[in-house]
Amino acid sequence: MNPLLAVNGVSKEYTKGNHRFQAVSGVDFAITRGETFGLIGESGSGKSTLGKMVTGLEPPTSGTITYEGNSLWNGNRFNRLKPGEMQIVFQDPQSSLDPRMRVQAIITEPLLALPAAERKEKGSKERLLALITRVGLKPDHLNRYPHEFSGGQRQRIAIARALITDPSFVVLDEPTSALDVSVQANVLNLLQELKRERNLTYLFISHNMAVIRYMCDRMAVMQKGRIVEIGHVNDIFVNPVDSYTKTLLSSLPQLHEKKEDIHV
Amino acid sequence: MLLEIHNLSVEFESMQDRVKALQAVSFSIDEGEIVGIVGESGSGKSVTALSILGLLEKNAHISTGSISYKGKNLLSLSKKDWQSLRGKEIGMVFQEPMTALHPTMRIGDQLAEVIHRHRSISYKEAYRQAVASLAEVQINDPELVARKYPFELSGGMRQRVVIALAMSAPPDLLIADEPTTALDVTIQHEVLKLMQELAQKRGTSIMLITHDLGVVAQVCQRVVVMYAGEVVETGTTQEVLHSPCHPYTKALIGALPDLAEQGQPLLAIPGESPDLRNRPDGCVFAPRCSCSLPICREDHPVLEPAVSGSLTHQVSCWGRNQ
Amino acid sequence: MSGTTLKTESLPAARSAKTVNPFWYKIRRNPLTLLGLFLLLLILLLSIFAPLISPYEPTKINIPERFAQPSADHWFGTDEVGRDIFTRILYGARLSLGVGVAVVVGAGVIGTIIGAVSGYFGGRIDQLIMRLMDIILAFPALVLAMAIAATLGPNLQNAMLAIAIIKIPVYVRLARAETLALREKLFVKAAVTFGIPSWRIIVRHIIPNALSPVIIQVTLDIGDAILLVATLGFLGLGAQPPTPEWGAMISIGWKYLLDYWWYPTFPGLALFLASCGFNLIGDGIRDILDPKANRS
Amino acid sequence: MRQIITKRLAMLVLVLFGVTLITFFLSHVIPGDPARMMVGQRASEETLQEVRRQLGLDQPVWVQYFTYMKGLLAGDFGDSIRTQQPVINDLITFFPATIELALTAFVIAIVIGIPIGILSAVKKDTGWDHAGRFFSIAGISTPVFWSGLVGILLFYKVFNLLPSSGRIDLMVTPPPTITGLFLVDSLLTGNWAAFSNSLWHLILPACTLAFAQLATVTRQVRASMLEVLGQDYIRTALANGIHGPVLLFRYALRNALIPTITVVGLSFGSLLGGAVVTETIFGWPGMGKYVVESIAFLDFPAIMGFTFVISLGYVIINLLVDLTYYALDPQIKE
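Chains as they are written, first to last, in my numbering: chain B, 1 to 264; chain W, 1 to 322; chain V, 1 to 296; chain R, 1 to 334.
Just so you know, not all the hints are guaranteed correct.
In silico EDC-like links for lysine to aspartate or glutamate, alpha-carbon gap of 16 angstroms or less [said to hold, decoys possible]:
hint	chain 1	residue 1	chain 2	residue 2
1	R	Lys-124	W	Asp-184
2	V	Lys-26	R	Asp-125
3	V	Lys-185	B	Asp-242
4	B	Lys-246	W	Glu-13
5	W	Lys-148	R	Asp-329
6	V	Lys-26	W	Asp-184
7	R	Lys-157	V	Glu-57
Pair by pair, the computed Cβ-Cβ distance ranges are [stated by the list, open to error]:
hint	chain 1	residue 1	chain 2	residue 2	range
8	B	Pro-59	R	Gly-71	49 to 55 angstroms
9	R	Leu-187	W	Asn-59	31 to 37 angstroms
10	R	Thr-262	W	Glu-190	39 to 45 angstroms
Don't read these hints as lab results, they were simulated from the structure.
Since this is a predicted model, take the numbers as computed values, not measurements.
Quick reminder that beta carbons are idealized off the backbone N, C-alpha and C, glycines included.
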């Protein structure tokens with residue numbers, strides 16, 4: 001099966017004055033349709049930079065990124081093959097929603113990039129209402145401003161915005177890192193359900209091992225711009241090969257030594 | 001008991017609202033003990049910490065309760081007594097290592113200034129001890145680091161410096177407010193270990209504020225679980241994490257993806273955290289509780305032994321015996 | 001020590017606080033801002049109803065009554081050709097407030113647009129624009145305004161133009177700085193990933209969000225602009241007599257200061273009160289809106 | 001550090017080049033004709049053309065600019081139409097008086113402004129704060145020419161305490177020119193009569209000018225002090241037992257002053273602008289009075305020379321401010 005997204009030999013170098021900084025170096029991986037691919041690493045590992053290159057925010061210095069076989073970057077120009085096909089949900093819902101816009105305007109914003117006919121069809125009132133209810137908000141929330149919502153609700157708004165164009169591929173960049181544990185559970189459940197219902201493919205970027213293990217099929221561990229280990233989630237968790245992966249796993253505070261101990 | 005908080009309530013006044021941030025909070029910390037205060041945002045855990053240090057904002061006031069430290073009530077202290085207590089008796093480590101240090105003062109000077117204040121020695125001698133204290137928090141080449149500015153250090157290094165600052169007196173109680181939340185997991189691990197070792201060596205008690213149950217499991221002997229400004233459950237780490245009694249604690253553990261099977265939905269808490277301006281008459285958690293009883297909405301539960309006869313494990317829930 | 005604890009700890013409560021508008025609450029709590037508001041309203045009403053309040057005409061010459069002392073008939077006395085100074089001050093208020101607001105709002109709009117566009121796209125054009133602004137800012141403001149007004153010819157329009165030119169760079173810099181910060185905000189990045197065209201992002205996201213510091217600056221600048229117009233008038237580079245412009249009135253009146261103290265004193269007082277009104281309000285609004293000044 | 005200085009110097013040259021361009025072309029889009037001003041309305045067409053040729057006004061604009069620049073680099077600003085003297089000589093004559101006035105005002109504004117700003121911040125929202133803020137806002141809201149007039153009215157006419165104009169009494173011999181600043185020169189030569197007399201003349205104009213500048217200082221000190229006091233590291237210091245003057249001065253004030261330096265440095269420009277008006281009101285024989293008189297004459301060489309010198313001074317001050325800033329803030333190192 002052909003991969004939906006393929007990243008081949010991608011590097012990213014930032015230059016600031018005389019300093020050069022290699023954020024990503026020679027990264028390869030591929031995501032097949034319908035899977036959730038996890039990208040894990042600590043701060044400065046280059047995982048977020050990769051997310052930016054996939055979504056068109058930063059051009060790679062070298063290497064290619066293809067989506068359905070077509071190259072996404074043509075030099076420094078991003079080829080938006082089909083507007084609305086690929087969407088992103090960011091980490092901080094505090095900053096990812098424009099504080100001066102009402103929820104309705106926020107959610108329908110991605111439609112502005114679509115051709116007029118499609119915009120009208122996808123932006124119909126029924127679809128909007130169905131979507132907002134589906135992510136767990138109420139229709140009368142549409143007229144409110146982001147500051148009137150809690151962190152979890154804001155992230156639901158961000159998810160609704162990402163889904164309004166009916167994308168097939170969604171990049172989730174630390175979508176629950178800014179949320180409380182109980183709220184995180186709600187959002188993760190929602191993301192799981194939506195994926196099943198809409199046949200989505202996820203690129204899930206996170207620093208949280210537990211979240212990656214729970215959400216993803218396959219994963220890549222990044223350290224200092226390189227992928228040090230890649231494979232199925234269960235294999236990596238049970239049998240880590242790379243020493244850095246092992247350190248990561250052993251640093252994770254364990255709630256219980258054995259999970260059978262719990263009596264909920 | 002080193003620290004005993006009894007029936008502490010704190011209100012914030014803003015505009016014309018009154019926000020009850022803490023509602024009759026009681027717990028205690030013994031000498032040499034590490035106690036975890038666990039809760040989500042808005043649970044009042046940071047407010048509790050700031051109350052102990054007398055650093056609450058002007059618009060906050062303590063409406064009831066007492067905080068007794070080594071037998072004396074902190075709330076009746078004069079401003080001057082507070083100032084001599086801070087740092088010397090009770091130290092504090094804040095969450096953000098990036099902003100907690102003075103940006104244009106060298107590390108050594110920041111430490112020396114504090115040591116100079118607490119130990120009544122010359123500044124020069126204080127500086128020498130400052131360098132030594134950097135070595136104690138396992139910083140390599142402490143002389144060099146002492147001459148650096150905070151922006152030249154990594155997050156983990158900075159948090160070590162913050163810990164060295166807080167431990168410089170050394171205090172008998174260290175309050176650590178989410179000390180590792182801003183750090184990477186691998187560094188978090190080291191910093192927690194460091195705190196644990198230092199506390200053990202000096203006999204310092206630690207009040208560790210965190211939202212992370214994993215951190216609690218790693219370092220704490222006892223846990224206090226807070227929700228919406230109240231203590232809902234308390235006990236030894238073993239008791240609370242292995243046989244949680246309050247529905248909120250149960251949900252908190254169940255919501256963690258750490259233990260969940262892939263494909264199985266996580267145990268989520270429905271609804272939103274309550275409006276702290278209008279506290280319900282009954283249990284604060286009742287509106288979101290999956291097993292609430294009629295009485296839960298009418299009457300406020302109090303902390304009572306979770307299992308009859310238990311001195312340590314206490315829970316504030318009407319349904320604890322069901 | 002700040003609102004940090006309050007912010008994180010009482011978020012759910014603050015979220016639904018809709019009963020009282022915090023802006024007006026804070027304005028009401030600050031006596032200085034209230035004073036400014038009162039001053040401005042007073043001047044505005046007096047200037048609007050000038051014909052109803054004063055029986056005199058602002059430019060009508062009445063030689064027999066020249067240099068009349070302040071009295072029940074002429075509250076602020078009369079000038080060297082017998083015009084009622086109070087009346088001239090009332091009509092002058094229309095001019096000063098109107099010109100001050102027009103110049104600053106004009107400079108604010110132009111400067112914000114240039115700054116937002118320049119900052120958003122960056123690159124060479126941005127560098128060029130910023131250097132140009134540096135050059136304008138390399139002149140002390142009043143000196144440049146004087147030079148421009150002097151070369152273009154002394155009249156009110158040129159004075160306004162000169163003041164607008166010296167004010168624009170302030171807004172370009174302000175809007176550019178805001179834009180650079182906003183460009184890093186996730187909601188702008190999100191819009192980029194959706195494929196929204198740049199100009200639309202500028203109009204939808206950048207400018208609305210950059211507006212509050214601009215508005216603060218505008219309020220603070222109006223007071224200054226009123227003074228600048230008057231200063232140019234005083235130096236003979238602005239409105240020309242017999243226009244009842246405050247600065248021009250003082251320009252003639254100060255020669256009579258030692259004998260007829262009221263002549264330059266009252267227009268100056270009016271100038272002070274008007275400028276003070278705007279500055280007090282501007283300062284108050286900044287204290288409320290500017291998160292930097294508002295933390296403690 | 002050296003890199004920054006080189007870069008800033010390059011900028012300075014660039015900006016000054018721009019300044020000359022603007023002043024020059026401003027003076028050439030004018031409707032007024034300097035040659036006509038010089039010869040008067042009744043002169044013949046031939047005389048007019050002759051004067052034009054002498055002034056080089058018949059040449060293409062870029063040639064004129066080139067000639068002007070060549071002169072400028074050699075310190076030649078052309079001759080004043082009004083005084084018939086080389087502009088540079090005029091400026092040298094009037095420069096020290098302006099500097100003496102501006103510097104004195106600057107020092108007064110800082111010495112009074114910083115404490116008021118600190119007080120306002122520490123006692124935020126109390127009567128102290130309101131009084132301090134009102135005082136400083138009143139300062140920027142008062143037109144310099146008006147506060148000068150009121151000052152003269154009160155201290156000269158009513159109380160007869162201070163002189164109304166000039167730098168020194170006619171009866172007192174001015175000190176010999178060493179720096180050109182009367183206060184300094186009279187001190188250096190031990191001429192106490194001249195010192196006290198010129199100080200007596202300086203008080204009113206300097207205070208008038210300082211009053212207008214005060215707000216810039218107080219506002220900035222108050223705002224940055226408030227910002228710093230709200231920072232996490234101040235809370236850390238408090239929690240570690242630091243308090244009182246050590247907290248205020250060693251921890252807070254230092255950082256609050258870093259942004260203040262920039263703003264205060266920039267405000268020196270408006271101080272120079274204010275000096276123009278102050279000098280006119282108080283008959284202070286400085287560059288400001290000179291340029292106001294030149295404006296009435298459409299004396300462009302004089303106006304341009306003045307503008308250039310003032311801008312040069314301003315740009316140099318800004319450079320010094322930037323360098324101080326780099327020296328004070330260790331976080332900017334490149």
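Taking the hints in turn, this is what the structure says about them:
1. R/Lys-124 to W/Asp-184: 39 angstroms, violated
2. V/Lys-26 to R/Asp-125: Holds. V/Lys-26 to R/Asp-125 sits at ~11 angstroms (cutoff 16 angstroms).
3. V/Lys-185 to B/Asp-242: 36 angstroms, violated
4. B/Lys-246 to W/Glu-13: Answer violated: B/Lys-246 to W/Glu-13 is near 49 angstroms, above 16 angstroms.
5. W/Lys-148 to R/Asp-329: Distance ~13 angstroms between W/Lys-148 and R/Asp-329 Cα, so the pair holds.
6. V/Lys-26 to W/Asp-184: 41 angstroms, violated
7. R/Lys-157 to V/Glu-57: Given pair R/Lys-157, V/Glu-57 is violated - Cα atoms ~32 angstroms apart, limit 16 angstroms.
8. B/Pro-59 to R/Gly-71: 49 to 55 angstroms: 51 angstroms, holds
9. R/Leu-187 to W/Asn-59: 31 to 37 angstroms: With Cβ atoms ~54 angstroms apart, the hint is violated.
10. R/Thr-262 to W/Glu-190: 39 to 45 angstroms: 40 angstroms, holds
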